[in-house]
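Asks: Sequence:
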Amino acid sequence: IKFATTGSAVNEISVTNAATSNSPSVSATGGDSNIDLTLSPKGIGRVTLGAGKIQQLAEKITIAATGTTGTVNYDVITQAVLYHTTNAAGNFTVNLRGDGSNTLNAIMDTNESITVAFLVTCGSTPYYNNAVTIDGSSVTPEWQGGSAPSAGNASSIDVYTYTVIKTGDAAFTALAAQTQFA
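According to this note's numbering, the stretch in the sequence shown is residues 1154 to 1335, in order.
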């Protein structure tokens, strides 16, 4: 363990042991009223919990004031939700990847899944997701209801959810759904 210190620190980490049948804790403590606790892996390394219970979770969202068209690179490292707030300008391909430097294949282990949401604003002329790729390679998702969408929904926000399951090296099963919000 390497300890790095800040000269003007008022917040710290406290490690507390526990008696029988109780849990030890690692806590953010200090002078501030509300203190986040950040666990930061190096590079594309991840924090692993052997078993877990989540009591509250906030997901990272990217809001883009652009109209969806062409190929949209969905970087799962930087967001769980991507929301395009300007009316879509054409049908589009969603390319799921780690980010501009890392493939989805590199950041996922076999037998893991990720789920992300893509919110697309549709005006009076609706457009839709007509192709899906993972790391630039075409995949055919299994669509909720049994068939891929053939249109968007006018004057709505269409939410596309994608669950990607890594089944082997660069091998994925993709599940997808389109839901209208108006």
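Read the hints as simulated data drawn from the structure, not as lab findings. Treat the hints loosely; a few may be bogus.
Stated by the list, open to error - The calculated lysine to any residue pairs, modelled on SDA-like cross-linking and capped at a C-alpha distance of 20 Å, are:
hint : residue 1 : residue 2
1    : LYS1195   : GLN1297
2    : LYS1319   : TRP1296
3    : LYS1206   : ALA1181
4    : LYS1195   : ASP1262
5    : LYS1319   : SER1174
6    : LYS1206   : SER1174
7    : LYS1213   : LEU1190
8    : LYS1213   : THR1268
9    : LYS1195   : THR1222
10   : LYS1213   : ASP1189
11   : LYS1213   : ILE1310
12   : LYS1213   : ILE1188
13   : LYS1155   : VAL1200
14   : LYS1319   : VAL1168
15   : LYS1155   : GLY1196
16   : LYS1213   : GLY1196
17   : LYS1319   : PRO1302
18   : LYS1319   : GLY1289
19   : LYS1206   : LEU1192
20   : LYS1319   : GLN1208
21   : LYS1213   : VAL1269
22   : LYS1206   : ASN1244
Asks: Now, for every hint given, state plainly whether the structure supports it.
Replies: Hints versus structure:
1. As the CA atoms of LYS1195 and GLN1297 are separated by approximately 37 Å, the hinted pair breaks the 20 Å bound.
2. A hinted pair counts as satisfied when its Cα atoms are at most 20 Å apart, and LYS1319 with TRP1296 qualifies at roughly 17 Å.
3. Straight-line distance between C-alpha atoms of LYS1206 and ALA1181 comes to about 18 Å, which keeps the hinted pair within the 20 Å bound.
4. As the CA atoms of LYS1195 and ASP1262 are separated by approximately 17 Å, the hinted pair is consistent with the 20 Å bound.
5. Distance check on the hinted pair: LYS1319 and SER1174 sit about 38 Å apart at the alpha-carbon level, beyond 20 Å; violated.
6. Simply put, LYS1206 and SER1174 have alpha-carbon atoms about 17 Å apart, close enough for the 20 Å limit, and the pair holds.
7. Simply put, LYS1213 and LEU1190 have alpha-carbon atoms about 16 Å apart, close enough for the 20 Å limit, and the pair holds.
8. A distance of roughly 13 Å separates the Cα atoms of LYS1213 and THR1268; the hinted pair therefore holds under the 20 Å criterion.
9. Restraint check for LYS1195 and THR1222: the C-alpha separation of about 34 Å exceeds 20 Å, so the hint is violated.
10. A threshold of 20 Å between alpha carbons decides the hint, and for LYS1213 with ASP1189 the separation of about 15 Å falls inside it, so the pair holds.
11. With a C-alpha separation of about 19 Å, the suggested pairing of LYS1213 with ILE1310 holds against the 20 Å cut-off.
12. Between LYS1213 and ILE1188 the CA atoms are separated by roughly 18 Å; this keeps the pair inside 20 Å, and the hint holds.
13. Restraint check for LYS1155 and VAL1200: satisfied, since their Cα atoms lie roughly 18 Å apart, inside the 20 Å limit.
14. In summary, the hint linking LYS1319 to VAL1168 is not supported, as the alpha carbons are separated by about 36 Å, beyond the 20 Å threshold.
15. The suggested pairing of LYS1155 with GLY1196 holds, with an alpha-carbon distance near 18 Å, which does not exceed 20 Å.
16. A threshold of 20 Å between alpha carbons decides the hint, and for LYS1213 with GLY1196 the separation of about 18 Å falls inside it, so the pair holds.
17. Distance restraint check for LYS1319 and PRO1302: the Cα-Cα separation of roughly 24 Å exceeds the 20 Å cut-off, and the hinted pair is therefore not satisfied.
18. At most 20 Å may separate the alpha-carbon atoms for a hinted pair to count; LYS1319 and GLY1289 meet this at roughly 15 Å.
19. With a C-alpha separation of about 17 Å, the suggested pairing of LYS1206 with LEU1192 holds against the 20 Å cut-off.
20. Simply put, LYS1319 and GLN1208 have alpha-carbon atoms about 27 Å apart, too far for the 20 Å limit, and the pair is violated.
21. Straight-line distance between C-alpha atoms of LYS1213 and VAL1269 comes to about 10 Å, which keeps the hinted pair within the 20 Å bound.
22. For the hint pairing LYS1206 with ASN1244, the CA-to-CA distance comes to about 40 Å; that exceeds 20 Å, so the pair is violated.
Figure legend: structure checked against the earlier numbered hints; hints not met, in rising order: 1, 5, 9, 14, 17, 20, 22.
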